[in-house]
Each structure stands twice: as structure tokens, then as C-alpha cells.
Amino acid sequence: MYRSRRQFLRAAAGVAALPLAPRASSAKLRYPARPVHVLVGFPAGTGPDFVARVTARWLSDHLGQQFVVENRPGAGSNIATEAVVRAMADGYTLLHITVANAINARLNNEALFARDIAAVASIARASFLVVVNPSFPAADMPRLIAYARTHPEKISIGSSGVGSAPYLAAELFKVMSRIDLLHVPYAGTPQAITELLAERVQVVFADPSAIDLVKSGKLRALAVTAAERQAILPDLPPLGDFLPGYEASTWHGLGAPRAVPGDIIESLNREVNAGLADPDVKARLARQGFTVMGGSAADFGKLIADETAKWARTTRAAGGKAE
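Using numbering that gives the first Met the number 0, read the sequence shown as starting at 0 and increasing by one per residue.
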């Protein structure tokens with residue numbers, strides 16, 4: 000009887016333990032188990048904010064936890080970058096990466112971004128737009144270049160700050176066209192656009208957030224900075240049609256602290272790519288001028304490295320440094 004009772008207790012203990020082991024294991028491996036914060040280094044209403052929110056919505060709907068977008072603008076996105084670097088490497092604080100990070104990798108905090116942020120997934124690419132107020136006398140790029148050559152330093156160009164991506168796209172244009180424009184820096188592209196609408200500056204290299212203003216006729220777009228025409232504004236020629244070899248694009252992706260476990264990066268990469276294959280996500284991005292990218296984390300890492308080298312050369316040519 001004693002032996003039977005002892006055998007029974009051992010068996011009962013084993014049965015009771017069976018559900019516990021899988022629960023402990025799944026709790027350890029399950030990600031995400033709580034809300035995830037995605038830091039964006041630019042204000043609400045900008046291109047990076049829009050792409051981050053489209054991505055966060057998809058991840059929230061498909062990974063069972065909220066992905067919360069937090070805007071931490073300033074210093075060319077370095078404020079957001081530093082916050083992510085200092086966060087725990089557990090996958091619950093992520094960085095929305097843009098071309099600005101590749102630019103700033105050579106301008107300041109090189110080690111901070113290049114060493115301490117891991118590429119997770121590329122999301123989308125878009126062109127900048129060369130926009131002017133409709134009252135501006137030059138109605139196309141050849142006339143803008145000709146006007147600038149006959150009025151040196153009389154045309155002011157607004158940007159989101161020295162060292163920002165729109166600034167360097169404009170600097171590349173100035174170098175290749177051999178013209179001189181008076182640069183006026185602002186805290187962000189929305190402020191530069193506001194000044195352009197008020198005719199306090201004459202030209203802005205704007206991100207896709209300006210598309211609605213172009214379509215409504217409040218701004219006139221003269222060209223796109225991408226190498227090819229863009230589906231959102233198919234009548235606009237690439238700036239490279241007038242300056243062979245010119246190309247400047249803005250791109251977006253997701254990053255994490257360097258020490259985040261590889262399985263979390265793989266999970267996020269897989270889900271981001273699934274979202275980019277979804278027709279509704281594609282359409283939402285396309286309506287704002289973005290083309291989906293996608294690919295592996297390694298692919299995104301290579302893009303970042305290539306763009307960092309490209310913009311380092313442009314920065315040296317322009318003699319610029321980040322603010």
C-alpha cells in the first residue's frame with residue numbers, strides 16, 4: 000500500500016509538472032510580451048512619422064502587442080538614436096532609421112549609430128521633391144538653374160537644418176549645377192514648408208509630406224531627386240535629367256540596440272516583410288509617395304553602410320556638419 004501510494008504521488012507530481020514546463024519555456028521565448036516603443040527622430044506629420052505609424056500598426060495587429068510610436072525630434076535624429084542605444088537590449092525599444100542616421104554617422108556620434116544600433120528591416124524608399132511657391136518666376140528646373148546663375152545668392156533655400164538629408168540633397172544639387180543658393184535652416188521640414196508658403200524662402204527640397212500641397216496647387220514641384228520618375232507624380236522629371244548622375248533618396252527602416260537577441264531581430268524582420276507584401280500596406284505607403292523595400296536584416300545593414308559612405312563624400316564636398 001505504501002509503495003502504491005508513493006507511486007501514485009510520484010505520478011501525480013509528474014502529471015502536474017507537465018503543463019508547467021511548456022509555459023515557462025514559452026514565457027521565456029514569447030516576444031513581444033508587452034508594448035514595444037518605436038522612437039522616431041522627427042516630429043509628427045513628417046515622412047518618418049508616417050512610415051513608422053504604418054509599420055507600427057501592422058506589427059501591433061499581427062504580433063499581439065501595441066507598437067507605440069514616440070516622436071523624439073532633434074539633432075538630426077541623434078536624440079532618438081541615443082535613447083535607443085541606452086535602452087535595454089530586449090527588443091522593447093526600437094529605432095525608426097532613416098537616411099539621416101547614415102548622414103549623421105559621419106557627422107557626429109559615429110560610434111553611437113554605427114557600433115550600437117543593429118539593422119532589423121528596411122521598409123520604404125521615397126524621393127525628395129524640389130518645390131517652390133507658385134509665384135516664383137522659374138517654372139521648371141532649367142529655368143531655376145539659369146535664374147540662380149544670374150542671381151547668385153539671391154535665391155534662398157529652406158531646409159531642416161545643416162547636415163540633414165534635405166540639406167545635403169540640396170548641397171549635392173548646388174555642387175553639380177555650379178550655382179549658389181542662400182541656405183536658411185529650420186527646425187524641421189514642416190517649418191521650412193511653412194516659410195515657403197509665406198514666400199520667405201524660394202526653394203525647399205521637401206520629403207513626401209509635401210505631396211498633398213503639390214497636388215492642391217499650393218506648391219509647385221519642379222523635379223524629383225530619385226533616379227527615376229515616381230508613380231505618385233509621374234509628370235515630374237528626375238533632377239538627373241538635367242544633372243546627369245544626380246540621385247538623392249530618403250529611405251526608412253527599423254533598428255534595435257546592438258545586443259538584441261538574433262531571434263527577436265529575425266521575428267521582427269519576418270513580420271515587417273509580411274506587412275510590406277500586404278496590398279493595403281503597399282497602397283497606404285504608395286499614396287504618400289513611398290515604394291516598399293524589404294529584405295533581410297543583412298540587406299538593410301549593407302544599404303546603411305553604402306549610404307553612409309555616399310553621404311560622407313557629399314558632406315566633405317559641401318563642407319557641412321550637423322547641428
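For the record, the hints were derived by calculation from the structure and aren't laboratory data. Check the hints yourself; a few may be wrong.
In silico BS3-like pairs for lysine-lysine, Cα to Cα no more than 30 Å straight-line [to be verified]:
hint, residue 1, residue 2
1, K217, K153
2, K309, K173
3, K281, K173
4, K281, K301
5, K214, K153
6, K173, K214
7, K281, K214
8, K217, K173
9, K217, K309
10, K173, K153
11, K281, K309
Hints versus structure:
Distance hint between K217 and K153 is fulfilled; the C-alpha atoms sit about 22 Å from each other, no more than 30 Å. Proximity of K309 to K173 is assessed by CA-CA distance (about 16 Å); at most 30 Å being required, the pair is judged to hold. For the given pair, K281 sits about 34 Å from K173 by alpha-carbon distance, which is inconsistent with the 30 Å threshold. Restraint check for K281 and K301: the C-alpha separation of about 23 Å stays at or below 30 Å, so the hint holds.
With a C-alpha separation of about 28 Å, the suggested pairing of K214 with K153 holds against the 30 Å cut-off. At roughly 26 Å between alpha-carbon atoms, K173 and K214 fall within 30 Å of each other, so this suggested pair holds. Taken as a hint, the K281 and K214 pair is honoured in the structure, with Cα atoms around 20 Å apart against an allowance of 30 Å. Using a Cα cut-off of 30 Å, the hinted pair K217 and K173 holds, with the two alpha carbons roughly 25 Å apart.
With a C-alpha separation of about 33 Å, the suggested pair K217 and K309 falls outside the 30 Å cut-off, and the hint is violated. Straight-line distance between C-alpha atoms of K173 and K153 comes to about 14 Å, which keeps the hinted pair within the 30 Å bound. Simply put, K281 and K309 have alpha-carbon atoms about 28 Å apart, close enough for the 30 Å limit, and the pair holds.
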